[in-house]
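There are 2 protein chains.
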Amino acid sequence: MNDPSILDQVIEQFTQVDGLRIMVHGGGNKASELSKRLGIQPKMVKGRRITDNSTLELVTMVYAGLVNKNLVARLQAKGSNAIGLSGADGNVIPAKKRPVKEIDYGFAGDLEDSAPVSETLEILLNSGLVPVCCPITHDGQGQLLNTNADTIASHLGVTLSRKFDVTLVYCLDKPGVMLNPEKSDSVVGQIDPAYYQELITNGVIVDGMIPKLDNAFAGLRLGISEIYLCDWQDITGSSGTKITLR
Amino acid sequence: MNDPSILDQVIEQFTQVDGLRIMVHGGGNKASELSKRLGIQPKMVKGRRITDNSTLELVTMVYAGLVNKNLVARLQAKGSNAIGLSGADGNVIPAKKRPVKEIDYGFAGDLEDSAPVSETLEILLNSGLVPVCCPITHDGQGQLLNTNADTIASHLGVTLSRKFDVTLVYCLDKPGVMLNPEKSDSVVGQIDPAYYQELITNGVIVDGMIPKLDNAFAGLRLGISEIYLCDWQDITGSSGTKITLR
Numbered sequence: 003m004n005d006p007s008i009l010d011q012v013i014e015q016f017t018q019v020d021g022l023r024i025m026v027h028g029g030g031n032k033a034s035e036l037s038k039r040l041g042i043q044p045k046m047v048k049g050r051r052i053t054d055n056s057t058l059e060l061v062t063m064v065y066a067g068l069v070n071k072n073l074v075a076r077l078q079a080k081g082s083n084a085i086g087l088s089g090a091d092g093n094v095i096p097a098k099k100r101p102v103k104e105i106d107y108g109f110a111g112d113l114e115d116s117a118p119v120s121e122t123l124e125i126l127l128n129s130g131l132v133p134v135c136c137p138i139t140h141d142g143q144g145q146l147l148n149t150n151a152d153t154i155a156s157h158l159g160v161t162l163s164r165k166f167d168v169t170l171v172y173c174l175d176k177p178g179v180m181l182n183p184e185k186s187d188s189v190v191g192q193i194d195p196a197y198y199q200e201l202i203t204n205g206v207i208v209d210g211m212i213p214k215l216d217n218a219f220a221g222l223r224l225g226i227s228e229i230y231l232c233d234w235q236d237i238t239g240s241s242g243t244k245i246t247l248r
Numbered sequence: 003m004n005d006p007s008i009l010d011q012v013i014e015q016f017t018q019v020d021g022l023r024i025m026v027h028g029g030g031n032k033a034s035e036l037s038k039r040l041g042i043q044p045k046m047v048k049g050r051r052i053t054d055n056s057t058l059e060l061v062t063m064v065y066a067g068l069v070n071k072n073l074v075a076r077l078q079a080k081g082s083n084a085i086g087l088s089g090a091d092g093n094v095i096p097a098k099k100r101p102v103k104e105i106d107y108g109f110a111g112d113l114e115d116s117a118p119v120s121e122t123l124e125i126l127l128n129s130g131l132v133p134v135c136c137p138i139t140h141d142g143q144g145q146l147l148n149t150n151a152d153t154i155a156s157h158l159g160v161t162l163s164r165k166f167d168v169t170l171v172y173c174l175d176k177p178g179v180m181l182n183p184e185k186s187d188s189v190v191g192q193i194d195p196a197y198y199q200e201l202i203t204n205g206v207i208v209d210g211m212i213p214k215l216d217n218a219f220a221g222l223r224l225g226i227s228e229i230y231l232c233d234w235q236d237i238t239g240s241s242g243t244k245i246t247l248r
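As they're listed, the protein sequences go chains B and A. Numbering-wise (the working numbering), the first sequence opens with residue 3 and increments by one. Numbering-wise (the working numbering), the second sequence opens with residue 3 and increments by one.
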């Protein structure tokens with residue numbers, strides 16, 4: 003999403019998706035860039051990233067400001083009536099500060115998938131607006147929190163599935179789950195839980211893809227109708243990997 | 003607004019204002035602070051501030067991200083269903099890049115007060131949401147623009163006055179227009195255009211207050227019902243200066 007010409011293609015495709023639409027974005031690269039310029043060292047404890055106060059300010063600026071508003075402006079230019087949101091706006095994504103156990107994650111926000119559908123989101127969607135959600139949430143007591151973008155996407159999918167038929171598409175930097183990362187034609191068309199275990203055992207699915215797929219399976223179990231993993235060249239998901247419960 | 007305890011008092015008062023409400027904010031101090039940390043020199047031409055690309059990125063981060071989302075979270079904590087907006091969001095404030103004449107102001111956005119009322123703003127207000135607007139606009143072609151916060155406030159007041167009865171309150175760092183800046187009890191209760199000229203001639207109204215008051219008189223002429231200048235200790239305006247056409 004850092005390459006403007008790719009971004010334009012994604013946005014072009016997004017505007018053509020049928021039905022009500024929500025975009026969820028991150029902004030990790032831009033945040034790392036600004037972090038370096040400001041001399042803010044990423045704070046790590048036992049290999050986990052901690053959201054201290056400086057980091058929270060940084061991601062609030064980058065995710066909710068720079069990235070969100072540029073996406074909104076570009077979507078507007080393509081005829082989508084986009085409206086940028088953090089979880090604090092209209093209280094669309096209430097969160098809880100992660101409890102301090104072995105690790106104090108700082109201002110990390112955890113979500114409750116049993117939360118009711120956001121009334122504000124319903125109003126916006128039913129008014130023809132296109133919500134563009136950044137991964138900043140709040141605790142309802144005035145404190146902003148940092149939440150993983152995949153978690154936001156899945157949470158919105160799950161809560162909205164109580165009132166809407168939801169398709170969730172994760173847009174990756176590769177065309178889906180691949181048997182051989184070197185071969186673009188090795189995309190796995192469909193993965194169910196049994197095949198997922200096999201692919202983990204074989205070492206095909208590793209690292210960051212594991213929480214993403216765990217999230218996906220959980221999302222399906224909690225009510226999302228369809229979930230796809232795909233790249234920016236086809237965000238409909240049809241050429242990517244479909245995640246299914248069986 | 004940089005002092006959290008003052009900010010809380012302003013927000014407390016704001017939540018108690020009757021009727022539909024919109025907050026418009028700037029964020030100049032925070033922007034200058036970040037500007038220094040990033041080593042971005044304010045670009046000036048003939049004494050006028052220019053919004054170059056780095057400055058636009060900076061103000062988008064600070065105004066639309068850091069300041070806007072913190073205000074929204076604090077308003078939410080006080081029971082106001084706040085929703086943060088730039089002019090790009092829901093296309094609430096379309097702007098035009100200022101034409102290059104003697105000076106190229108860069109990404110400065112000019113507003114058209116004859117623009118129709120924003121449909122999105124109407125939907126939000128009628129849904130009980132409380133818009134919190136930052137001074138970032140867009141040109142509808144994907145370009146974000148930087149617009150003065152006073153101009154935004156007056157523009158929203160004027161356009162909304164076609165459908166609502168609008169009171170506009172400018173919140174200053176002093177209790178209103180003062181005959182003697184050293185004496186807090188020297189606040190002028192009311193100013194009409196004739197008295198305004200007199201106060202300019204006497205040197206009571208100078209510098210940044212002149213464009214603010216010019217804006218205010220223009221706003222009244224274009225349909226705003228009441229305009230006040232006051233400080234944060236009484237944002238109802240009743241202890242401040244009322245601007246009137248006669």
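Simulated from the structure, these hints should not be mistaken for lab results. The reader is advised that the hints may include incorrect statements.
Each pair may be met inside one copy or between any two copies, as identical chains are not told apart.
[Claimed, not checked] Here are the simulated DSSO-like cross-link-like pairs (lysine-lysine), alpha carbons at most 30 Å apart as the crow flies:
hint : residue 1 : residue 2
1    : Lys80     : Lys98
2    : Lys176    : Lys45
3    : Lys165    : Lys80
4    : Lys244    : Lys185
5    : Lys99     : Lys80
6    : Lys185    : Lys165
7    : Lys98     : Lys165
8    : Lys38     : Lys48
9    : Lys38     : Lys244
10   : Lys176    : Lys98
The model shown is predicted, which means the values in this text are computed figures rather than measured ones.
Quick rundown of the hints versus the structure:
For the identical chains of this complex, Lys80 and Lys98 are inter-copy neighbours only, at 17 Å across copies versus 36 Å inside a copy, given an alpha-carbon limit of 30 Å. Within a single copy, Lys176 and Lys45 get their C-alpha atoms as close as 29 Å, which meets the 30 Å cut-off; across copies the closest is 41 Å, which misses it. For a Cα distance limit of 30 Å, the shortest separation of Lys165 from Lys80 qualifies both inside one copy, at 28 Å, and across copies, at 29 Å. Taking CA atoms no more than 30 Å apart as the test, Lys244 paired with Lys185 passes inside one copy only; the shortest distance there is 18 Å, against 71 Å between copies.
For the identical chains of this complex, Lys99 and Lys80 are inter-copy neighbours only, at 18 Å across copies versus 37 Å inside a copy, given an alpha-carbon limit of 30 Å. Taking the shortest alpha-carbon separations for Lys185 and Lys165, neither the intra-copy value of 40 Å nor the inter-copy value of 60 Å comes in at or below 30 Å. In this assembly of identical chains, the alpha carbons of Lys98 and Lys165 lie at most 30 Å apart only when taken from the same copy (24 Å versus 39 Å across copies). In the homo-oligomer, the alpha carbons of Lys38 and Lys48 lie at most 30 Å apart inside one protomer (21 Å), although the nearest pairing across protomers, at 33 Å, exceeds that limit.
In this homomeric assembly, Lys38 and Lys244 never come within 30 Å of each other (Cα to Cα): the closest approach is 37 Å inside a single copy and 48 Å across copies. Taking the shortest alpha-carbon separations for Lys176 and Lys98, neither the intra-copy value of 32 Å nor the inter-copy value of 38 Å comes in at or below 30 Å.
In this structure, the hints that do not hold are numbers 6, 9, 10, in rising order.
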